[in-house]
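Number of protein chains: 2
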Amino acid sequence: MPSPPPAWVQALKPADPQGSQLLSQERAQSKVDVDRLAELLHTKESLDRQDRLLALLQADPVFDKSQNHTLGRTERIQKSLGKAKRLQQLAEKNNWSMEELHAANELLGEPTPYGLHASMFLVTLREQGTPEQHKLFLERAQNYQILGCYAQTELGHGSNVRGLETTATWNQDDKTFTIHSPTLTASKWWIGSLGRTANHAVVMAQLYIGGKNYGPHPFVVQVRDLQTHQPLENIYVGDIGPKFGYNTMDNGFLLFNHVKIPHVNMLARFSSIDKQTGKYLRPASPTLVYGTLTWVRSNIVLQAGGVLARGVTIATRYCAVRKQFQDRDAQGNVGENQVLNYKMVQVRLLPLLASMYALHFTGRGMMRLYQENQKRMKAGAQSGQDSRGAGPEELRAGADLLADLHATSCGLKALASTAAGEGLEVCRRACGGHGYSSYSGIGPWYSDYLPTLTWEGDNYMLTQQVARYLLKSARVVLAGKGANNDTCQILQTYLDRRDKGASFDVLEVDSDIVAAFAWRTAHLTFEALKHRDVEKRSWNSLLVDFWRLSTAHSQYLVVKNFHEAVTSPHLTSALDPETTGLMHKLFRLYALHTLEREAAEFFSSSAVTTRQISLAQTNAVMKLLDDIRPHAVRLVDAWKIPDWQLDSSLGRYDGEVYPDLFRRASQNPVNDLVFDPYPWNEAVLKNTPPKSKL
Amino acid sequence: MPSPPPAWVQALKPADPQGSQLLSQERAQSKVDVDRLAELLHTKESLDRQDRLLALLQADPVFDKSQNHTLGRTERIQKSLGKAKRLQQLAEKNNWSMEELHAANELLGEPTPYGLHASMFLVTLREQGTPEQHKLFLERAQNYQILGCYAQTELGHGSNVRGLETTATWNQDDKTFTIHSPTLTASKWWIGSLGRTANHAVVMAQLYIGGKNYGPHPFVVQVRDLQTHQPLENIYVGDIGPKFGYNTMDNGFLLFNHVKIPHVNMLARFSSIDKQTGKYLRPASPTLVYGTLTWVRSNIVLQAGGVLARGVTIATRYCAVRKQFQDRDAQGNVGENQVLNYKMVQVRLLPLLASMYALHFTGRGMMRLYQENQKRMKAGAQSGQDSRGAGPEELRAGADLLADLHATSCGLKALASTAAGEGLEVCRRACGGHGYSSYSGIGPWYSDYLPTLTWEGDNYMLTQQVARYLLKSARVVLAGKGANNDTCQILQTYLDRRDKGASFDVLEVDSDIVAAFAWRTAHLTFEALKHRDVEKRSWNSLLVDFWRLSTAHSQYLVVKNFHEAVTSPHLTSALDPETTGLMHKLFRLYALHTLEREAAEFFSSSAVTTRQISLAQTNAVMKLLDDIRPHAVRLVDAWKIPDWQLDSSLGRYDGEVYPDLFRRASQNPVNDLVFDPYPWNEAVLKNTPPKSKL
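As given, the protein sequences belong to chains W and V, one line each in that order. For the first sequence, counting from 1, position 578 maps to 578 in the UniProt record's numbering; every step adds exactly one. For the second sequence, counting from 1, position 211 maps to 211 in the UniProt record's numbering; every step adds exactly one.
Incorrect hints may have been included.
[What the hints assert, rightly or not] To give an idea of the interface, some chain V residues facing chain W are shown, with a C-beta separation under 8 Å as derived from the structure:
hint, residue
1, 5
2, 88
3, 498
4, 502
5, 547
Since the hints were made in silico from the structure, they are not lab data. Glycine residues also receive a C-beta, built at the ideal position from the N, C-alpha and C atoms.
With these hints in hand, go ahead and build the complete structure from the sequences.
Next up, the structure:
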């Protein structure tokens, strides 16, 4: 590490006012009860857990973050495995629950090489394995005696799972499967934890029995020796190289050259092969898998709020500390203005502040709906029927709702992760030049988050599923057979009122805002239906319309969920009236700002008038920015993201931005190098041994 | 490097059809004459130069790019200095011109530690130094005997140059200046080439004479010893640490503790101090500095086209090679569809293809205008007057045009660099999962480009300058004294026709498209003027309107320049009629796609009807996508970006995407590591010496 700065440097302070003073002023000018709001968002229990875990992690030098942005990839991934091991040791020692381990990982803030073992490998074994397979694989995996991953995506196929090329051929003679990669594009690719860590993989492969293809199925395959950790024979496995982010994870590739595995290695809870006859046994209850995906996506929506909150917390605090230019209309020398006071900054940041609340409440709402429904269906199933038979009413209503939830979760996943990813970049730019420094804490976080826009369904691909579902619902409603779910209801309402027209008062009545968003979705749905069913236009020619439709529908869902949350007794009883009022304002800001950005669709569907849009833009949104501005710092404080997690000079809770930037800069290891700057000297460093010659 | 894959892996090929076949088909289905188009864009001379330089660079192992994304920052920056030195050696040996050195740097594709020495340091010395100072500093700098940088931005001040805190106090007694950093926030920050390389800096500091502040002025200050390369006494200098990109550049910080420099070190071409009397001598001809900034910004606009072209080249070729899913309406098993055939991909990529042409032609147009005007003004000045006196007509007309060009260059710089930066990310996502790999070539390029959105004027800040200029022009036009420039003309046209209303046929008549964009700008200008001058609204409350106004105006300029280019004899005589027709289609796609995205402003200004927008969206744009699609690969080929420069598996000219991704992945150095995967073993690697223990 470079030597410390000389005394005259250490004596320097930033120009007044200090960042700490400015943030104190910010906090003094608002009465938002940060602790109560935090408990509403995260629960007391999880905030306490966070404090406990933070103390443990911060105390351990293995979790040091200071060199994260400086090290090369080979060093970083080794450090990250070290962190993962220590977390696992702590988990065992302290008997952590899954939630605790997950929360500790969140605080650490980087994907580790254990990541996919601890999530998809364990989950798949648990959900798709039989009791026998649990004993054989899951138990050892839970004890980290075997390390695994989930190998689905291939070099040539990601989104189109049916196009996977890896094969698993059943050999009736010796009761085995042969796993094989017939081409280079069949290579598994992007598989997290596989590159250097895993010794097992759940491999998705096309099942062939007697020459017939039964589609992709999951197989457990050992890929490395448990002692030497070298690849087994006829297996070629490795790390796929550096990425835009996620460089602490060993995403891997994997090729098989006719590798035999026993019958028991096909995960057989839902479908299997009769060992004696070689007959394929049909999958039972595929809706359960369906359910898992819905859960995963709802989680992405909830997390998107938290992801965005990191960026907004950093940018809001820094823009309150940073002063630049005097207000142009100010009289005399009043000093420079806080950047957060500029409307051009507010209009970028405060709608994102509203978004992070909106996404959080929407994710929570979806998960609650999902859980309630799972409970209801379980009750239905236990009353004697399975989900494919003509079960009780409850079961069928549950299936209807699950289908609705599945479709809406696709669109919301796309909307929420795009909003979070793009929002982080908006936050980074709102920090001006310093946003570009790794010490801003935004860039590295953004880079690591971006894959979320592609995985669990590419955000553009997913919109087709939403559109398909909306078209199907519209056909049902037109046929007079609408199901009892929200989608059918908004379509029906639109049909009933279409001739009379809409007259929503979006400027005054909150519920009318929700209705206007519903109206626009319904309008676009019936437009798309006309194109497809009446005009018989090709699916491909409608993809852009479908994407717009899915976006509109998902925005409606966020607005609806946010409105429900801010009017719920759960919220109003937990918060004081002033904070409740602010939550309403955040709702209105999110909704009206979205309405303004999508103005064209709102008037072409006659949901609102051009006059209303213009008023929303020039009056309502500007007024809301004024109203929310004084509370901005407290509203991000309420997310309670610890400094150690933020890892940001700009976003520090105490506002001491400049001393921290300076300290980190002066300590960075590049300052240990002494260059030889002259082009006629080949050596790059002054006084280096000959091996440093280029 | 990891050992090569086993024979059975080496024998594998991607599934058919091969990428090379697909790109051959693409190239066969279009008759665009790639070479003629390339010469129109870049000139034969510069294409030949590129070939010549490429051969030199590729042959030299010092320029190897294979480890760029894997090394840590300390290693990368050393390698980059090595590359910079070698380039300089080649430049001397081959007697390169500045253009040749610049072109070689472009091929290398990374900022090097010599970057700011070779640009801003030399330029500032040349433009702001006297002949005596040229002898003293510029000559040595050109010979790399001294290495320098341009130190303006500080930790606490970037955009607001007048707020800089570093002081330069004139000492009449010993005829020196004292350079001093009174606070921590006065530290110079972000200074390229300063962190480890420079031994001199041009420091912008507040000039104080006899207690009076004369504002920021440039001073040459030596910061490191020429032999030991250690910082001089009372100077604290270093590298500011890792960044989102640009990590091969040593952006630095710099603090002064009362450092004395001689009188001759204040760059004195435009303003100076009389050594004997200590009297401040007023700056001459500040419009010249004004001119340099305009030139720099025009260059950013031109480059933005090329920056985007890299992303679009990669994404277009890869989307032609990548196949995924069968078309939903296809009958029977017709195989998977090229991703580029999907409308949802086309609607993202092809408007960017149009943009890169649009920005290129706009940049060229601005630079031509600037050069013509400089020539005219020089002629005027030589006829006997200086630019502040009552010179000849030509001089005043030139000043009018320069003011117009300066203001428009601000807006265009913001629009173009934002379009290029955000466009690259759209390209990256259009590549699906593999876009996230560093081997896509997009991510690293995007990360290095992003600062352009902030430097040379933050893209949001700049829009105020444009708005201020438009408001001023509108006041002049209203007073009946409009100058003879384009801005005043479009404002006057709007005033003349406002009562009759607009009736532009944007779907059929190309010149009407340009007129509609002009109309929208004029409408927004007079709206903003009303808010400011009549309603007396605060400047701050109008910032969002100003930003919209600047964006609208800049889009108008791009549309206008693009239209002029595609109808110019220069273009039509150089290209065959079919390619000329395609250029028109690209113009229409750029314009109508922009019109559609900004629909709300176009109808609220009554430039077009809602019916026209709807037709533009559903018919015109979709038809243009169909028409341009078959030529997409040739239209990117025409940019002639060599594979070595792209450094992308996905964007290879030959389409051999998958073998290249696989080759790079298997050779990446992480594959040399053998992990110990078990959490109860502290060591991260198998069989490592004890020093590798964590």
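**Message:** Let me make sure I understand: some of the numbered hints might not hold for this structure. Which ones are they, in numerical order?
**Reply:** Violated hints (numbers, rising): 3 and 4; every other hint is consistent with the structure.
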